[in-house]
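Trainee: So the sequence lines, in the order shown, correspond to chains A and B.
Going from the first sequence to my numbering is simple: count from 1 and add 40.
Going from the second sequence to my numbering is simple: count from 1 and add 11.
Derived from the structure by calculation, the hints contain no laboratory data.
All values reported here derive from a predicted model rather than from experimental measurement.
Beta carbons are placed, not taken as given, at the ideal position from N, Cα and C, and that holds for glycine.
There could be a bad hint or two in this list.
Claimed, not checked - Short, incomplete list of chain A residues facing chain B, as computed with Cβ under 8 Å:
1. Gly139
2. Asp140
3. Thr143
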Amino acid sequence: AQRVTQPEKLLSVFKGAPVELKCNYSYSGSPELFWYVQYSRQRLQLLLRHISRESIKGFTADLNKGETSFHLKKPFAQEEDSAMYYCALSGSAGKSTFGDGTTLTVKP
Amino acid sequence: GAGVSQSPRYKVAKRGQDVALRCDPISGHVSLFWYQQALGQGPEFLTYFQNEAQLDKSGLPSDRFFAERPEGSVSTLKIQRTQQEDSAVYLCASSFTGVSEAFFGQGTRLTVV
Numbered sequence: 041a042q043r044v045t046q047p048e049k050l051l052s053v054f055k056g057a058p059v060e061l062k063c064n065y066s067y068s069g070s071p072e073l074f075w076y077v078q079y080s081r082q083r084l085q086l087l088l089r090h091i092s093r094e095s096i097k098g099f100t101a102d103l104n105k106g107e108t109s110f111h112l113k114k115p116f117a118q119e120e121d122s123a124m125y126y127c128a129l130s131g132s133a134g135k136s137t138f139g140d141g142t143t144l145t146v147k148p
Numbered sequence: 012g013a014g015v016s017q018s019p020r021y022k023v024a025k026r027g028q029d030v031a032l033r034c035d036p037i038s039g040h041v042s043l044f045w046y047q048q049a050l051g052q053g054p055e056f057l058t059y060f061q062n063e064a065q066l067d068k069s070g071l072p073s074d075r076f077f078a079e080r081p082e083g084s085v086s087t088l089k090i091q092r093t094q095q096e097d098s099a100v101y102l103c104a105s106s107f108t109g110v111s112e113a114f115f116g117q118g119t120r121l122t123v124v
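Starting from the given sequences, assemble the full structure and let the hints guide the process.
Mentor: Following this line, the structure appears as structure tokens:
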């Protein structure tokens with residue numbers, strides 16, 4: 041079974057501080073991991089996926105198969121990063137499993 | 012259109028009423044997904060289409076839920092005899108293939124009273 045856990049419902053940091061949003065998963069095969077973001081009053085959109093190994097808006101995420109984690113990190117948070125973040129796993133074509141999300145608030 | 016379009020944006024239904032939710036995917040996208048998102052939770056998979064074929068409907072919670080995509084483009088999610096527990100945001104997403112980036116619609120917020 042596929043499962044994604046985001047242990048923090050809420051995360052608050054000050055502008056300029058580092059931020060890490062945690063994501064742990066369980067899946068027996070080779071997963072494909074994603075981070076989605078939803079800004080206020082906007083639709084859910086893809087932030088990054090592990091296979092592309094990109095840095096988007098300063099965010100990075102490394103897949104750690106040993107710890108079954110895919111934490112999202114940014115060294116210096118900005119106020120515009122305030123949003124809801126969802127970690128998701130796709131184990132086979134078509135079916136993605138999402139975590140329950142973390143609301144990130146970046147305070148000025 | 013520029014993105015995935017869902018209608019209506021909001022729907023209030025009396026318990027026992029049937030509802031139909033529409034999704035217009037991005038033109039040319041082969042894959043289409045429906046998700047249900049309850050308050051405070053992440054999206055939960057309902058069903059998946061590749062063109063007009065429904066390849067996975069394992070997430071549909073009961074036989075009151077039915078989805079179709081007859082011409083491989085527009086999809087409709089139908090809920091019969093709505094119950095209060097059906098109240099949620101229903102999200103539609105489409106992608107060029109089943110494993111490429113999924114683009115989400117803004118969702119339909121269904122409230123059953």
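Trainee: Which hints from the list above does the structure break, by number from lowest to highest?
Mentor: Hint check: 3 fails alone, others pass.
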